[in-house]
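Participant: Sequence:
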Amino acid sequence: MLRSLWRYRHFVLSSIRNELVTRFARSKLGGLWMIISPLAQVAIYALILSNLLAARLPGMENKYAYAIYLMAGLLAWTLFSDIITRCLTLFVDQGNLLKKMSFPRITLPAIAAGSSLLNNALLFLAMLGIFVLLGHHFTPAMLWLVPLAVMVAAFALGIGLALGVINVFVRDVGQAVPIVLQIWFWLTPIVYPVDIIAEEHRRWLYLNPLYPVVEAYHRVLVYGTAPDFGGLAYLAAAVAALLLFALLLFRRAAPEMVDAL
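Add 9 to a position in the sequence shown, counting from 1, and you land on the number used in the working numbering.
Note that these hints are calculated values from the structure, not bench results.
On a predicted model such as this, the values are computed, not experimentally measured, just so you know.
Just so you know, not all the hints are guaranteed correct.
Said to hold, decoys possible - Straight line, CA to CA, 25 Å or less: simulated SDA-like cross-link-like pairs of lysine to any residue:
| hint | residue 1 | residue 2 |
| --- | --- | --- |
| 1 | Lys108 | Arg12 |
| 2 | Lys108 | Ser13 |
| 3 | Lys72 | Tyr232 |
| 4 | Lys108 | Glu265 |
| 5 | Lys108 | Ile175 |
| 6 | Lys109 | Arg26 |
| 7 | Lys108 | Val21 |
| 8 | Lys109 | Val179 |
| 9 | Lys72 | Thr148 |
| 10 | Lys72 | Leu137 |
Can you build the whole structure from these sequences, using the hints too?
Facilitator: See the structure below:
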């Protein structure tokens, strides 16, 4: 399966490029639309909650600290949720293609993940420009975003691929996952800082597998420090196991998916 993916790498790359081009082909603002939505979300939260929560960010003297904190968390969440959402209905949406053409099916989730990574990279560049305008400049610690983004993408791909396969046979999954993602978003300290949670309840955060990653994004982008590798090491092992499980599930179910579609 991985050898097939390597042989079709040019197909994957060209599909990612074509999706980006066709998505904004007739749009007056073009690629700006992929960053307007998350930045508008940041603006809404910042206007409503900035005065309330900015003081809860220790070590930040910038008066736009909360907006910077919010953008850092949303950068991680946008990549995570976008890959899961794409993979969730990927095989259902591409049912006709799967029936009519013979090609490695693994290329479809690879294209979805690659497109999400490209969109996220463009979003980061836009955010970096806003950081500069807000007086928050680039630091060498931001280079840690590359392995962090790979980990987030692998985590989301493992979840999305498994759910996408199950959704072919049980369509209720496609209806339930957006609700779960919405709950998951609010259970992760993205909009609010960890300090706002009562001390006796903070231990529950460690049950959230996305918390170490979002915390790492905050360390890197907000405070300019290296991530906490202790928590990330356990998560990396879990992500590898999850991705392996999803690939095995996909390989086993691939012959039956066409009949179910």
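Participant: Going through the earlier hints one by one, which of them does the structure break, listed in rising order?
Facilitator: none
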